[in-house]
Every structure is written in structure tokens, then in C-alpha cells.
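Working from the sequences, and respecting the hints, build out all of it.
Under our numbering, the letters of the sequence shown match residues 10 to 128, in that order.
Simulated from the structure, these hints should not be mistaken for lab results.
Built from N, CA and C at the ideal position, the CB exists for glycine as well.
Certain hints may be false.
Label pairs and their in silico Cβ distance ranges [said to hold, decoys possible]:
# : residue 1 : residue 2 : range
1 : Lys23     : Glu55     : 17 to 25 Å
2 : Met26     : Val99     : 33 to 41 Å
3 : Leu63     : Leu21     : 15 to 23 Å
4 : Leu53     : Gly11     : 39 to 47 Å
5 : Tyr13     : Tyr128    : 31 to 39 Å
6 : Gln96     : Leu53     : 40 to 48 Å
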Amino acid sequence: MGLYYESTLNVLKKNFMLVIMAIVLLIPTFFLWAGVPFFIIGGLVENLISSQVLVFISISLSGGFLFSLYFLPFLYKIAKQLANITQIGVGNFLLRIHTTFIFICSVVYGITIYVIFQY
Numbered sequence: 010m011g012l013y014y015e016s017t018l019n020v021l022k023k024n025f026m027l028v029i030m031a032i033v034l035l036i037p038t039f040f041l042w043a044g045v046p047f048f049i050i051g052g053l054v055e056n057l058i059s060s061q062v063l064v065f066i067s068i069s070l071s072g073g074f075l076f077s078l079y080f081l082p083f084l085y086k087i088a089k090q091l092a093n094i095t096q097i098g099v100g101n102f103l104l105r106i107h108t109t110f111i112f113i114c115s116v117v118y119g120i121t122i123y124v125i126f127q128y
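Next comes the structure, spelled out in C-alpha cells:
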């Protein structure tokens, strides 16, 4: 786990503009990564499945996936550095890192939706 954190910090120090560019792109495309999962994906899943928990999970996962796509160049740099260190394929590390990032984004997205609907 320490290797992941060290690589992330090294890439962040060298390529912090990738993260800044992703954050700047998130602002004008808010309707894509926030609206599409809620209105389109949520509506489609709600027509197929009657369980509100599964609808909430599908909205969270699709929102986390769309949000994480903006940070894919940054995650690729991390995977490339890890692949150079450990001599394992870049695709293997990219899949691991991106899956973890999708899960984290999905949890944050789900918590945010839950808090908004409470008020």
C-alpha cells in the first residue's frame, strides 16, 4: 500500500496540472457527470427494478464512473510509474487503481446524494 501512496505523491508533485485541468473540466460538464447518472441512468434502472436500494447503487456507481473518467490521465501516470518500479504491466495497475478510484468516487457521490435528499 505504501508503494501506491508514494507513487501517487510523486506523480502529483510532477504532474499537478493534470489534476487542476480535470477539476476545471468538471465545472462546465457538471450536467454530464452529475445529471446523467441521476436522471437518465436512475430513470432507466427504476423502470426495470423496483428496489430503491439498487437504483441508488446504480446511480452512485455510474456517477462515480463518470466522475473518475476525468482523472484517468493522472491515474495512468501513476500506473505507468508503478509498472516501471515493479515490472508488472501498466494495464494491470491501471485497472486496479481505476477500480479503487471508481469505488471511492461512488461512495462520495452516494453520500452526497443522500445528504442532499435529506434536506
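Regarding methionine 26 and valine 99, is the given constraint of 33 to 41 Å on their beta-carbon distance met? violated (21 Å)
31 to 39 Å was suggested as the range; check whether the CB atoms of tyrosine 13 and tyrosine 128 agree with it. Once the Cβ atoms are compared, 36 Å apart, the range 31 to 39 Å for tyrosine 128 and tyrosine 13 holds.
Falls inside 40 to 48 Å, the C-beta gap from glutamine 96 to leucine 53? Distance hint for glutamine 96, leucine 53 holds at roughly 43 Å.
Distance restraint evaluation - leucine 63, leucine 21, Cβ atoms, bounds 15 to 23 Å: This hint is violated: roughly 36 Å between Cβ atoms.
Please test the hint of 17 to 25 Å on the beta carbon pair from lysine 23 and glutamate 55. This hint is violated: roughly 44 Å between Cβ atoms.
Check the following: the C-beta atoms of leucine 53 and glycine 11 are separated by a distance inside 39 to 47 Å. holds (41 Å)
The earlier numbered hints that this structure contradicts are 1, 2, 3.
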